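Respectively, the protein sequence lines represent chains F and L. Heads up: the first sequence is residues 1 to 515, going by our numbering. Heads up: the second sequence is residues 1 to 440, going by our numbering.
Hint data in this document are derived by calculation from the structure and do not stem from the laboratory. Each hint should be verified, as a subset may be incorrect.
[Unchecked claim] Derived DSS-like pairs: lysine-lysine, alpha-carbon spacing no greater than 30 Å straight-line:
id, chain 1, residue 1, chain 2, residue 2
1, F, K311, L, K75
2, F, K129, L, K131
3, L, K317, L, K411
Please read all numbers here as calculations on a predicted model, not as lab measurements.
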Amino acid sequence: MKPSITRRDFIKRSSQTMIAAATIPYFLQSDPARALTIPDPDNMKLDDVYNHFGVTEAVIRDIMAEALSMGGDYCDVFFQHNIANTIGLEDKEVNRAYTDVGLGVGIRVLNGDQTGYSFTEELSPKAMKLAAKTAAAIANSSKKAPPQELKLHDTPSYYPIETPWEQVGIDQKIPFLQKINDKVFAMDSSVIKSNVWFINETSTNLIATSEGRVVFDYQPMGMIYVTCTAEQKGQRESNSFNLAGRRGIEFFTPANIDRLASEAVGRTVALFEAVKPEAGEMPVVLAAGSSGILLHEAIGHGMEADFNRKKVSIFSDKINKPVAESFVTIVDDGTNPNIRGSLNVDDEANDTEKTYLVENGILKSYLHDRISAQFYKVKPTGNGRRESFRHSIQPRMRNTYMENGPHTKEEIIANVKKGLYAETFTNGEVYIGAGDFTFYVKSGYLIEEGKITKPVKDVNIIGNGPEVLKDIIMVGNDMKMAEGGWTCGKNGQGVPVSMGLPTVLVSKITVGGVS
Amino acid sequence: MNSKDRLNLAQWVMKMAKKYGADESAVSLTNRREVEIEYRNKQLDKVQESVQNSLNLSIYVDQKYSGHSTNDLRKESLESFIDEAVRSTRYLSKDEFRVLPDPSLYPKKTDRDLKILDRSYDQVDSQKRVKLAADIEAAAMATSDKIISTTSGYSDTIASSVKVHSNGFQGETTATQFWMGAEVTVDDGQGGRPEDWFYAGTRYIQDLPSPDEIGAWAAKRALRKIGQDKIESGKYTMLVENRSGSRLLGMMRFPMTARALQQKQSFLDGKLGQKIGSEKLTVIDEPFLEKGLASRYYDGEGIASNRRVLIDKGVFKTYLIDNYYGRKLGMTPNSGSTSNILLEYGDKSQDELIKDVDKGILIIGFIGGNSNSTTGDFSFGIMGLLVEKGQIVKPVNEMNISGNAMELWNKLVAVGNDPYPYSSQRLPTLMFEDINFSGI
Chain F
1 MKPSITRRDF IKRSSQTMIA AATIPYFLQS DPARALTIPD PDNMKLDDVY
51 NHFGVTEAVI RDIMAEALSM GGDYCDVFFQ HNIANTIGLE DKEVNRAYTD
101 VGLGVGIRVL NGDQTGYSFT EELSPKAMKL AAKTAAAIAN SSKKAPPQEL
151 KLHDTPSYYP IETPWEQVGI DQKIPFLQKI NDKVFAMDSS VIKSNVWFIN
201 ETSTNLIATS EGRVVFDYQP MGMIYVTCTA EQKGQRESNS FNLAGRRGIE
251 FFTPANIDRL ASEAVGRTVA LFEAVKPEAG EMPVVLAAGS SGILLHEAIG
301 HGMEADFNRK KVSIFSDKIN KPVAESFVTI VDDGTNPNIR GSLNVDDEAN
351 DTEKTYLVEN GILKSYLHDR ISAQFYKVKP TGNGRRESFR HSIQPRMRNT
401 YMENGPHTKE EIIANVKKGL YAETFTNGEV YIGAGDFTFY VKSGYLIEEG
451 KITKPVKDVN IIGNGPEVLK DIIMVGNDMK MAEGGWTCGK NGQGVPVSMG
501 LPTVLVSKIT VGGVS
Chain L
1 MNSKDRLNLA QWVMKMAKKY GADESAVSLT NRREVEIEYR NKQLDKVQES
51 VQNSLNLSIY VDQKYSGHST NDLRKESLES FIDEAVRSTR YLSKDEFRVL
101 PDPSLYPKKT DRDLKILDRS YDQVDSQKRV KLAADIEAAA MATSDKIIST
151 TSGYSDTIAS SVKVHSNGFQ GETTATQFWM GAEVTVDDGQ GGRPEDWFYA
201 GTRYIQDLPS PDEIGAWAAK RALRKIGQDK IESGKYTMLV ENRSGSRLLG
251 MMRFPMTARA LQQKQSFLDG KLGQKIGSEK LTVIDEPFLE KGLASRYYDG
301 EGIASNRRVL IDKGVFKTYL IDNYYGRKLG MTPNSGSTSN ILLEYGDKSQ
351 DELIKDVDKG ILIIGFIGGN SNSTTGDFSF GIMGLLVEKG QIVKPVNEMN
401 ISGNAMELWN KLVAVGNDPY PYSSQRLPTL MFEDINFSGI
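Can you build the whole structure from these sequences, using the hints too?
The following block contains the structure:
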């Protein structure tokens, strides 16, 4: 294992390269009746979930008693059954499919702000108690905090879907890929290659805490990803487009299928005319939508409370101080219907909410998990997340976006004499302490004399978080959430997130380009 | 699970795949034990210990292909999993290029020892792990009173895997890795908290640097960033320190693959045998490096490892050809992935190279950025040290470099003598001329 580097946090748009490179893709059901049984998500009861993992309340409390046997203050257990399926089209045929199944339980013991963690893939009482004993060793005292009786904690339903993915056969998905591929080739004669991926994933989770809370959740995810390569006069260009969310198959309507094809082709052929901007500082207009990557990198990571508890974030001493113009309000929200980063409950059984990072220009709240909330003596904000049962909890973002401001998109663009209009992105990264962050602009336009002119491609933007927040001088009234499948990486753990932004003007920021 | 159990289970899976209708199959099974420690403020911050399994299965049914993985190794679950996998595969389109590699590509029996297993692994106990991490933190903290926080870490892994193919391949490996290091954050006195890290990874625990060295190096790296700022945009000589160069060389990896070539996403299409870099650039894929972090006898498809010269004095010598895309292109497979990457190195140290620079930037880290495999265009964020008249004068940050990969490697003018030992990418310091930096 190569240790991950805490402060080099990054975000990536899902890419077909990444998916194909994974040795571990996904499950397909040809016959739903034979599929791995998952309790019907619409009528899931606590007992169904206990049965699914082959446990009872008594078994769970027994494991927790073992976990606390060395004097830990608190423990939780996280059962997970994850099923992911991918099917892929290449060279005009749906000719590959991948499945990944993960089943296990993670056991965490807290002793003050120290963490002991272990997991097992074998769900026998013996194996689970052994894992509990391993995690218990973080503590070493005679103190005893027996686990409480478990009470079901009710959770909302932020991602209803019509048909659980376990009931969607591979034969129902194949036609979507073929239709998209046909449209991609029909749209422009310069298209020479296209790949289409259909990915769905579900996770059934059961979380119990030594304080007596038990919750369960069924988390769906659906995505279609299209790449396109075109050739004109010996020059080749590639680009991609995807739609993703906590969605069921009903999300892939004829209109969305059309968009997947037309956006993938349109974004590719636009690159033939694209130029490189001049290198250096310039005003940058961020288009509404996935430009929310700015917030994710410039402020979101820096507001994760673990970094502040350790005093390693550039935002560590700025709570209740003005950090931006009064029309800037930035939130991190777990409650947006069917959006990729939404959570009915976080991964340590806390309710999610809409958390204000910046309200009317004032820095308000960090993003907390249990450990940091106890450190700061505040209520957890529902940001405790993990990649899977193989990982312990960290404070993480959900859907991070800016609320609408007083300006219009037209006014904002008209305000710029010479600058960049950034529209689509592939990835970003931040150093939390220095505040340096970047994001990579796959495509956009030059702005000259208040008008959008030539397309640009493949430029990196780099700035400093607190500086850029101050330099946000106009905010549009057209807030839009990103539609694609973003995955945020921190300490080697990837979690699904989303982001959003109205059209925004940053007065100056350094753009990669040519001198 | 011992080695015999693993092999028996893998063969049972292959048998089941056949029973349910697969013509051919490939199975690999891995057990991995990991211990990871984080240490901060003179106490343990986190301890994580685990044992995990993974089973990967590729099946070929009526010329149709699919791949599956699971960690649920109970035979009753596996049997229905395999049955389901075969049934689903039948819905896919036929693909004549999906077959197992030809057995002639599989490795011959060998006595070669790559030295990737440290047999002293069992003697590492939790006390020793905690002490190593504690010593690193103490060494870093002792370096300067400007340090706000140090998180040190230690981890070790032992992984054993077997791999069997229905057309005769059988392979088995066990390997260890040990990693330790620290991340250090310092107060720059201006509200900024620059950070940096140093982590070393090795196959044998005895080859790790001492905790004192690691702590001091991590601290020194963070401290030298105090006062960093962006400077004027323009063309500068660019030095890239040894541990960072893999980001630049990495731009070539996907475009070198048969997959990129067949899918027309490679700027190296049509460039075989042509000059794609300066004479200073010789790149070797070396699977047999003793103790190498990416050393191997065979690749993920069972194809025998071979030393390959990828680029020879600037001339592009070979694509990375996996079994499937090789067949699609009519090219003989030679492995679609790379192992340890070595660069032929020069005779000057980093300090000597710096002395040769009139005005340049020594890059000490990349942040974000990306490249376009179809065109070779790239743009990366950087952190560095400004060099004037052969001397390091101040730290710089918040800048980008941009260009095209084909041009970049032709601008390589010197290569250092200091290959980075704690990575599978053993690159030395690199020096390029006339690189576009954007800052103010």
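Hint-by-hint comparison with the structure:
1. F:K311 - L:K75: violated, 49 Å
2. F:K129 - L:K131: holds, 27 Å
3. L:K317 - L:K411: holds, 19 Å
Violation of the numbered hints given earlier is confined to hint 1; every other hint is satisfied by the structure.
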